[in-house]
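*Asks:* Next come the chains, spelled out residue by residue.
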Amino acid sequence: LAKTTQPISMDSYEGQEVNITCSHNNIATNDYITWYQQFPSQGPRFIIQGYKTKVTNEVASLFIPADRKSSTLSLPRVSLSDTAVYYCLVGDDTGGFKTIFGAGTRLFVKA
Amino acid sequence: KAGVTQTPRYLIKTRGQQVTLSCSPISGHRSVSWYQQTPGQGLQFLFEYFSETQRNKGNFPGRFSGRQFSNSRSEMNVSTLELGDSALYLCASSLGGGWENTEAFFGQGTRLTVV
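Protein sequence lines, in the order shown, are assigned to chains Y and W.
Under the working numbering, the residue at position 71 of the first sequence is numbered 74, and the numbers go up by one with no gaps.
Under the working numbering, the residue at position 37 of the second sequence is numbered 900, and the numbers go up by one with no gaps.
Simulated from the structure, these hints should not be mistaken for laboratory data.
Watch out, some of these pointers could steer you wrong.
[Claimed, not checked] With a straight-line cut-off of 25 Å between C-alpha atoms, the simulated DMTMM-like cross-links for lysine to aspartate or glutamate are:
(1) Y/Lys57 x Y/Glu20
(2) W/Lys920 x Y/Asp85
(3) Y/Lys57 x W/Glu966
(4) Y/Lys6 x W/Glu966
(5) Y/Lys113 x Y/Asp85
(6) Y/Lys72 x W/Glu966
(7) W/Lys920 x W/Glu938
(8) Y/Lys55 x W/Glu938
(9) W/Lys920 x W/Glu966
(10) Y/Lys72 x Y/Asp34
(11) Y/Lys113 x Y/Asp14
(12) Y/Lys55 x Y/Asp34
[What the hints assert, rightly or not] Have a look at the derived ranges for each label pair, beta carbon to beta carbon:
(13) Y/Thr24 x W/Lys920: 44 to 54 Å
(14) W/Gly921 x Y/Lys55: 24 to 34 Å
(15) Y/Arg80 x W/Ile875: 39 to 49 Å
[Said to hold, decoys possible] For the chain W half of the interface with chain Y, some residues (derived, Cβ under 8 Å), not all of them:
(16) Pro871
(17) Tyr873
(18) Ile875
(19) Gly879
(20) Phe908
(21) Phe932
(22) Asn934
(23) Glu945
(24) Leu946
(25) Leu953
(26) Ala967
(27) Gly970
Think of the CB as a built atom: it goes at the ideal place given N, C-alpha and C, for glycine as much as any other residue.
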């Protein structure tokens, strides 16, 4: 399984754009990159998933360079409610969902 | 559509007892995974079931077991509870079986306290 590395914590202010980068040097050809958000005492919530280039949905964008050894989650104009832990995961589902969560990035948004 | 349902939400047990937690996945999802989350260890993968078969297993002792029924509902059991088993237990369901089907939907979890 590809191991991921991301910053332990980040601070931001309301209204700013936040970029969280994740390193996954050993990503396999079949692996997708998925980001989750978790609030205290709740299960993680899917944010976005991509395979290559750029993916955008209503809450975030995901940038993946050509070598796929890293990815960047971009949260536009964060608010206080975006304070959470963000997890980057890589894996595929062909051999079973055995996703391993790393420590995640704790984002703290200040007023 | 209905989300992932975990029952009970909260549970208090005594050391040495056993406990069974239940998870009802999203309709149509065949893969159910279980995780243990503690402040010190983060989210740790327990096991994953797909079509009633355990496909993957994490690094937990044999006291932790699970099963999946034909309707994809899953249960996990912890026997001979220890204080260190106190945690939030999360269940996730996904479609299963494809490169792109790695989006998992998590339940609210069961908060287990062992005293």
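*Asks:* All the hints need checking, so say for each whether the structure fits it.
*Replies:* Each hint, compared with the structure:
For the suggested pair Y/Lys57 and Y/Glu20, the alpha carbons sit about 17 Å apart, so the restraint of at most 25 Å is met. As the CA atoms of W/Lys920 and Y/Asp85 are separated by approximately 32 Å, the hinted pair breaks the 25 Å bound. At most 25 Å may separate the alpha-carbon atoms for a hinted pair to count; Y/Lys57 and W/Glu966 meet this at roughly 17 Å. As the CA atoms of Y/Lys6 and W/Glu966 are separated by approximately 18 Å, the hinted pair is consistent with the 25 Å bound.
As the CA atoms of Y/Lys113 and Y/Asp85 are separated by approximately 10 Å, the hinted pair is consistent with the 25 Å bound. The hinted pair formed by Y/Lys72 and W/Glu966 meets the criterion: a straight-line CA distance of about 20 Å does not exceed 25 Å. Note on W/Lys920 and W/Glu938: the hinted pairing holds, with a Cα-Cα distance of about 15 Å set against a maximum of 25 Å. Distance restraint check for Y/Lys55 and W/Glu938: the Cα-Cα separation of roughly 36 Å exceeds the 25 Å cut-off, and the hinted pair is therefore not satisfied.
Between the alpha carbons of W/Lys920 and W/Glu966 the distance comes to roughly 19 Å, so the proposed pair stays at or under 25 Å and holds. At most 25 Å may separate the alpha-carbon atoms for a hinted pair to count; Y/Lys72 and Y/Asp34 meet this at roughly 11 Å. Between Y/Lys113 and Y/Asp14 the alpha-carbon distance is near 7 Å, which keeps this suggested pair within the 25 Å criterion. Only pairs whose Cα atoms come within 25 Å are accepted, and Y/Lys55 paired with Y/Asp34 is accepted, the gap being roughly 10 Å.
Separation of Y/Thr24 from W/Lys920 is about 31 Å and departs from the stated range, judged on CB atoms against 44 to 54 Å. Here the CB-CB span from W/Gly921 to Y/Lys55 is close to 29 Å, well matched to the stated 24 to 34 Å. Remark: the range hint 39 to 49 Å for Y/Arg80 to W/Ile875 is upheld by a beta-carbon distance near 42 Å. A distance limit of 8 Å between C-beta atoms decides the matter here; for W/Pro871 the minimum to chain Y is near 15 Å, and the interface restraint is violated.
At a threshold of 8 Å, the smallest CB-CB gap from W/Tyr873 to chain Y is about 11 Å, leaving the interface hint violated. Against a cut-off of 8 Å between C-beta atoms, the interface hint on W/Ile875 is violated, since the closest Cβ of chain Y lies about 16 Å away. Hint status for W/Gly879: violated, given a least beta-carbon distance of 26 Å to chain Y, over 8 Å. At its closest, the beta carbon of W/Phe908 sits 6 Å from a beta carbon of chain Y; the interface hint therefore holds under the 8 Å criterion.
At a threshold of 8 Å, the smallest CB-CB gap from W/Phe932 to chain Y is about 18 Å, leaving the interface hint violated. Taking 8 Å as the C-beta cut-off, the interface hint given for W/Asn934 is violated, the closest approach to chain Y being about 18 Å. With a cut of 8 Å, the hint placing W/Glu945 at the interface with chain Y is violated, because the nearest CB-to-CB distance is about 22 Å. The interface hint given for W/Leu946 is violated, since its Cβ lies 20 Å from the closest Cβ of chain Y, which is over the 8 Å cut-off.
Residue-level restraint check for W/Leu953 holds (minimum Cβ-Cβ distance to chain Y is 5 Å; threshold 8 Å). With its C-beta approaching chain Y no nearer than about 6 Å, W/Ala967 sits inside the 8 Å limit, and its interface hint holds. Because the closest C-beta pair between W/Gly970 and chain Y is about 5 Å apart, less than 8 Å, the hint holds.
When each numbered hint is compared with the structure, violations occur for hints 2, 8, 13, 16, 17, 18, 19, 21, 22, 23 and 24.
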